[in-house]
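K.L.:
Chain by chain, the residues:
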Amino acid sequence: GNSVTQMEGPVTLSEEAFLTINCTYTATGYPSLFWYVQYPGEGLQLLLKATKADDKGSNKGFEATYRKETTSFHLEKGSVQVSDSAVYFCALSGGGSEKLVFGKGMKLTVNP
Amino acid sequence: NAGVTQTPKFQVLKTGQSMTLQCAQDMNHEYMSWYRQDPGMGLRLIHYSVGAGITDQGEVPNGYNVSRSTTEDFPLRLLSAAPSQTSVYFCASSIAGGPSNEQFFGPGTRLTVL
Numbered sequence: 001g002n003s004v005t006q007m008e009g010p011v012t013l014s015e016e017a018f019l020t021i022n023c024t025y026t027a028t029g030y031p032s033l034f035w036y037v038q039y040p041g042e043g044l045q046l047l048l049k050a051t052k053a054d055d056k057g058s059n060k061g062f063e064a065t066y067r068k069e070t071t072s073f074h075l076e077k078g079s080v081q082v083s084d085s086a087v088y089f090c091a092l093s094g095g096g097s098e099k100l101v102f103g104k105g106m107k108l109t110v111n112p
Numbered sequence: 113n114a115g116v117t118q119t120p121k122f123q124v125l126k127t128g129q130s131m132t133l134q135c136a137q138d139m140n141h142e143y144m145s146w147y148r149q150d151p152g153m154g155l156r157l158i159h160y161s162v163g164a165g166i167t168d169q170g171e172v173p174n175g176y177n178v179s180r181s182t183t184e185d186f187p188l189r190l191l192s193a194a195p196s197q198t199s200v201y202f203c204a205s206s207i208a209g210g211p212s213n214e215q216f217f218g219p220g221t222r223l224t225v226l
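Chains A and B, in that order, give the protein sequences. Mind the numbering: the first sequence is residues 1 to 112 in our numbering, read in order. Mind the numbering: the second sequence is residues 113 to 226 in our numbering, read in order.
These aren't lab readings, by the way, just hints derived from the structure by calculation. Among the hints, a few may not be true.
As the list claims (entries may be wrong) - Some chain A residues judged to face chain B by a derived CB distance under 8 Å, without partners named:
no.	residue
1	44
2	45
3	105
In this text the structure is predicted, and so the values were computed from the model without any measurement. Ideal Cβ placement from N, Cα and C applies to all residues, glycine included.
Model the full structure from these sequences, guided by the hints.
P.N.:
Here it is in structure tokens:
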């Protein structure tokens with residue numbers, strides 16, 4: 001079945017540091033890929049998505065590129081802020097299933 | 113537009129008690145789902161529904177029941193609570209169950225079973 005493997009952390013960075021969160025997936029066909037973010041005490045919300053190979057999703061300074069050759073969807077941000085402190089989840093759907101499958105999530109703390 | 117709402121926000125149960133977690137959405141979304149979030153486990157799908165009158169099991173359905181009598185509501189019932197059901201529960205909805213559709217999440221219900 002479909003699965004997602006991502007860095008689990010927790011990770012602590014200083015403000016303005018570069019962020020990469022690795023995500024790889026296993027799925028048949030051509031799934032859609034997502035990054036969701038969960039701020040403290042809240043539900044998840046969509047950060048960005050990509051629906052086909054070589055698509056780049058971007059939002060709030062975050063970017064991720066759908067790489068079918070490496071089955072990856074790594075999340076990057078060039079300069080993190082304290083307000084980016086949250087848990088980040090990589091997820092996929094499709095590839096034969098309508099269900100959304102999540103990675104285990106990675107907690108990021110950004111210090112001033 | 114309230115989006116996806118969940119009640120209660122917090123709940124403490126004793127082993128063996130039953131209860132219903134409420135979920136409602138006002139976006140006319142066809143697809144609704146319930147997840148549980150446990151430390152180190154990410155989110156796991158409990159049950160889902162592709163429309164009123166239709167429900168199906170997810171990854172971890174045991175001990176939970178659902179029904180979907182209206183498009184708006186998707187309650188989750190715990191039949192006989194167990195400590196293993198201590199978790200944070202999230203309800204989500206999307207326009208349809210297609211693979212590229214964004215899911216909108218409620219704020220969650222934190223459940224403790226003693």
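K.L.:
Tell me the numbers of any earlier hints that the structure contravenes, in ascending order.
P.N.:
none
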